[in-house]
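Chains W and E supply the protein sequences, listed in that same order. Quick note: the first sequence uses my numbering, first residue 5, plus one each step. Quick note: the second sequence uses my numbering, first residue 1318, plus one each step.
These are calculated hints, taken from the structure and not from any lab test. Some clues are possibly wrong.
[Claimed, not checked] Within a straight-line C-alpha distance of at most 20 Å, the following computed EDC-like cross-link-like pairs (lysine to aspartate or glutamate) qualify:
{"no.": "1", "chain 1": "E", "residue 1": "K1438", "chain 2": "W", "residue 2": "E355"}
{"no.": "2", "chain 1": "W", "residue 1": "K150", "chain 2": "W", "residue 2": "D162"}
{"no.": "3", "chain 1": "W", "residue 1": "K320", "chain 2": "W", "residue 2": "D300"}
{"no.": "4", "chain 1": "W", "residue 1": "K460", "chain 2": "E", "residue 2": "D1467"}
{"no.": "5", "chain 1": "E", "residue 1": "K1420", "chain 2": "W", "residue 2": "E459"}
{"no.": "6", "chain 1": "W", "residue 1": "K198", "chain 2": "W", "residue 2": "D419"}
{"no.": "7", "chain 1": "W", "residue 1": "K431", "chain 2": "W", "residue 2": "D324"}
{"no.": "8", "chain 1": "W", "residue 1": "K205", "chain 2": "E", "residue 2": "E1339"}
{"no.": "9", "chain 1": "W", "residue 1": "K460", "chain 2": "E", "residue 2": "D1415"}
{"no.": "10", "chain 1": "W", "residue 1": "K460", "chain 2": "E", "residue 2": "E1418"}
{"no.": "11", "chain 1": "E", "residue 1": "K1433", "chain 2": "E", "residue 2": "E1418"}
{"no.": "12", "chain 1": "W", "residue 1": "K50", "chain 2": "W", "residue 2": "D232"}
{"no.": "13", "chain 1": "W", "residue 1": "K150", "chain 2": "E", "residue 2": "E1332"}
{"no.": "14", "chain 1": "W", "residue 1": "K460", "chain 2": "E", "residue 2": "E1471"}
{"no.": "15", "chain 1": "E", "residue 1": "K1411", "chain 2": "W", "residue 2": "D349"}
{"no.": "16", "chain 1": "E", "residue 1": "K1411", "chain 2": "E", "residue 2": "D1467"}
{"no.": "17", "chain 1": "W", "residue 1": "K24", "chain 2": "E", "residue 2": "D1483"}
{"no.": "18", "chain 1": "W", "residue 1": "K54", "chain 2": "W", "residue 2": "D330"}
{"no.": "19", "chain 1": "W", "residue 1": "K431", "chain 2": "W", "residue 2": "D306"}
{"no.": "20", "chain 1": "W", "residue 1": "K460", "chain 2": "E", "residue 2": "E1464"}
{"no.": "21", "chain 1": "E", "residue 1": "K1438", "chain 2": "W", "residue 2": "E459"}
{"no.": "22", "chain 1": "E", "residue 1": "K1433", "chain 2": "E", "residue 2": "E1390"}
{"no.": "23", "chain 1": "E", "residue 1": "K1433", "chain 2": "E", "residue 2": "D1415"}
{"no.": "24", "chain 1": "W", "residue 1": "K150", "chain 2": "W", "residue 2": "E21"}
{"no.": "25", "chain 1": "W", "residue 1": "K395", "chain 2": "W", "residue 2": "D434"}
{"no.": "26", "chain 1": "E", "residue 1": "K1411", "chain 2": "W", "residue 2": "E355"}
{"no.": "27", "chain 1": "E", "residue 1": "K1411", "chain 2": "W", "residue 2": "E459"}
{"no.": "28", "chain 1": "E", "residue 1": "K1411", "chain 2": "W", "residue 2": "D447"}
{"no.": "29", "chain 1": "W", "residue 1": "K365", "chain 2": "W", "residue 2": "D419"}
On a predicted model such as this, the values are computed, not experimentally measured, just so you know.
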Amino acid sequence: MSNPTKPLLTARYGIAESWKIANAERAGAYQVAKRALTSIEPAKLKDEVKNANIRGRGGAGFPAGVKWGFLNPGPNDQVYLVINADESEPGTFKDRSIMDLDPHRLIEGAIISCYAIGSHVAYIYVRGELASSVTRLEDAIADARKAGYLGARPFGVDHEIEIHVHTGAGAYICGEETALLNSLEGRRGEPRLKPPFPAVKGVFGMPTIVNNVETIAVVPDVIDMGGDAWSALSRLPADGGVRLYGVSGHVRNPGLFEAPVGITMRELIYDYAGGMLAGRPLKAVIPGGSSTPVLDPRRLVDAPGEDQPLHAWHGKSEIDVPMGVDTYRALGTMLGTCCAIVMDDTVNMVEACRNLMRFYKHESCGQCTPCREGTGWLVDVLNNLCAGRGKPEDVDLLVDISNNMMGNTICAFADGTAMPLLGFVQKFRDEFIDAAHNGLPSDVRHDHSVRREVEKVA
Amino acid sequence: MAFALTPEGEREVDELLTRYPERRASLLPVLWLCQRQNGWISSEVVDYVSQRLDLSTATVRGVVTFYTMFFEEPVGENVVWVCRTLSCDLRGGKAIQDHLENKLGCTAGHTSSDGKFTLLKAECLAACGQAPMVQINDRYYENLDVEILDRIIEAHVTRGAEAAADEFSTHATFGAPSKAPISTAPPPPSPEAVRLASQPPPAPEPVGDES
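One chain only, chain E, in its complex shape:
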């Protein structure tokens, strides 16, 4: 079945076209609009976009396949990206992935059998100071441990993505975030340090040596 944007989406495309001196430059934003409506970039979406922007389907598909965030096949109701690049891995990224695989019953790269979650491994999501973290749909969830992760996943199932995001998702923060997952000895006083987005003063329980 042919794909078409909603009338509101069409108006957004018209507005996007005014932002650039060349029609083609609105390709990425238009693909985003389509993916938000359709869930993924199907062949029908590619046909629609190529007609709307006067581009060949090969050109559009070439762009779609270049970028990791455009889905080339259907995904679950929610998409969970687990960051596994070094900063997150130093703070438990693998533990977060292992826990999600157990909880959702699927390995990374797959969708849970109920269709609720697609689990994907991500490369660095630029939230390294708040590791470990995941991105669910278009929101970030940071400073994770498995308990808070469970609550976030449950919230998505029982109350929906929007309510979960309202309660748990994070922006870059100033001062104390909602929780500090890593308990450590208190830091030495450093009055001159201007401390920004970070954890609250840690609780005085040293982490044991596991090496």
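Next comes chain W alone, as it looks inside the complex:
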């Protein structure tokens, strides 16, 4: 069961008008930034972030402290901090809450981070749809500047810091860090070849650190508690702290929760999100955004060898493995953004897969042929299966297309499309074969559990 911990990231969410600077400051905002800038050396701040074992909260899980360590600017280089608020991964809705309910935590984290990495300018790249979050952030930045926390001498310290909000215009791919940099430079949001990595050559050709909103928002807590203490809030090694968990789909209480790293999916669904809607059986759960392969609660962990990373959970259900970057990788999926999509037994997996593949077809930037064409072919084949025009060989064709997409493109988008498809086919193959023989019922849809309520039918 969960260890109850004092809310940290969400501590100010419940305050009336928590986004206003006076209210946030009454609850402690900017105290850590003041202390950091006036009394702590940047190198020490970087060490604390490294010790905190923050695995990047944008989905890839790369250690933030290690990423910061890649910086090695030349004497004439301007270092940039870019905060990725292009939250668009289907199922993910956590960063918006930080921008809407506690923008000053993000700004405080950005101030400390800029000081630590020697940056004078931070850009927050917010997806274009979140116009109301942009307004809250811009108001908060203006208030922080008025209070003397930004500008030429933040907290009276001779280290200029400016933060600008940059609004996207509708493109999932701009969440990929180099696509985001191109978009920030006023270009089409097409990912760049790597290397060079952004820490060497990022925005405007300068060394750049790109971090997710939540990654930057935990920095004040990390500095306040000390990296080791913050890391120890987690239940797992080398994957520190607390994080935001989201749950959407067929649960009683969809929403956001703060919890230590390393709770299980079962805890998240049944303890935090109130269990399944109307007590239905859990059929499948996509653990951390649509690019993470689906989990099937009927499947058991097979790790009989004592040297296998998941040996401690051998014979248990997939949903009983602690949610961590490394444990989930060992499970053959990814932790991603830690925002789960929960599906009950009324959902047809072929139709669910088609829904997500339609997303990827729409969002492929079109730069690389395997991705541009492959995403379209996957949708075409799935459309055939669903319409009863399919053949059993089409199921293997889906696998074949996916295998030819993975690893053959500039960015990870193609892998992020192929991996979940392979997960669906591997774990629910009988449903795909059944669709190949019979098509799907004409009334197949995802919302049987709630439809009468949404449509207000007696």
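Given chain W, work out where chain E should sit, using these hints.
Using the frame of chain W, we list chain E on its own:
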């Protein structure tokens, strides 16, 4: 007719140019300013922006066509985006789209005959925990059912977009939102769960089995 920003818009462009070391980086924000004034990105807007930022029209058009939120043709007075990605679809996204198509008299991708609404399908709008939802113009409307959706649309027609947004639009929320569309059995007690943006304790009416 040539397009030009208002004097106030011009001042905003001057301010935007100070934010970046390269002129080109203000392209997206300047396009946003133009679309807010003009409603869409016409050829005249592209000409204006390319001159203002010293870019070729091909460069500007290449950027405009990449991003879904820049309109390449005129749209209705209000633009309704219905999220149809998986999390919303699990909670009734299709029912919301069907209802809007009936109510507005046009299918997704089209504008109602009175010009009041353009209806578009959207991919994930990052509000999955408050599904189903729509975006109307630049605001979110979440935890929808058809009754509240009707009231939101009526408000746009009778009182205008701003008044409708003031009454119905949503931010990320803490604690109880305005309503819970899905009635279910009460959840088991879970004292250790820190519950955030979500629904109030649900009413004790189990949803029937429709499978």
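Outcome of the hint check:
no., hint, in the structure
1, E:K1438 with W:E355, "holds, 18 Å"
2, W:K150 with W:D162, "holds, 17 Å"
3, W:K320 with W:D300, "holds, 12 Å"
4, W:K460 with E:D1467, "holds, 12 Å"
5, E:K1420 with W:E459, "holds, 13 Å"
6, W:K198 with W:D419, "holds, 16 Å"
7, W:K431 with W:D324, "holds, 17 Å"
8, W:K205 with E:E1339, "holds, 16 Å"
9, W:K460 with E:D1415, "holds, 13 Å"
10, W:K460 with E:E1418, "holds, 17 Å"
11, E:K1433 with E:E1418, "holds, 13 Å"
12, W:K50 with W:D232, "holds, 13 Å"
13, W:K150 with E:E1332, "holds, 18 Å"
14, W:K460 with E:E1471, "holds, 18 Å"
15, E:K1411 with W:D349, "holds, 18 Å"
16, E:K1411 with E:D1467, "holds, 16 Å"
17, W:K24 with E:D1483, "holds, 18 Å"
18, W:K54 with W:D330, "holds, 17 Å"
19, W:K431 with W:D306, "holds, 14 Å"
20, W:K460 with E:E1464, "holds, 7 Å"
21, E:K1438 with W:E459, "holds, 19 Å"
22, E:K1433 with E:E1390, "holds, 15 Å"
23, E:K1433 with E:D1415, "holds, 18 Å"
24, W:K150 with W:E21, "holds, 19 Å"
25, W:K395 with W:D434, "holds, 13 Å"
26, E:K1411 with W:E355, "holds, 13 Å"
27, E:K1411 with W:E459, "holds, 10 Å"
28, E:K1411 with W:D447, "holds, 12 Å"
29, W:K365 with W:D419, "holds, 13 Å"
Every hint from the earlier list agrees with this structure, and none is contradicted.
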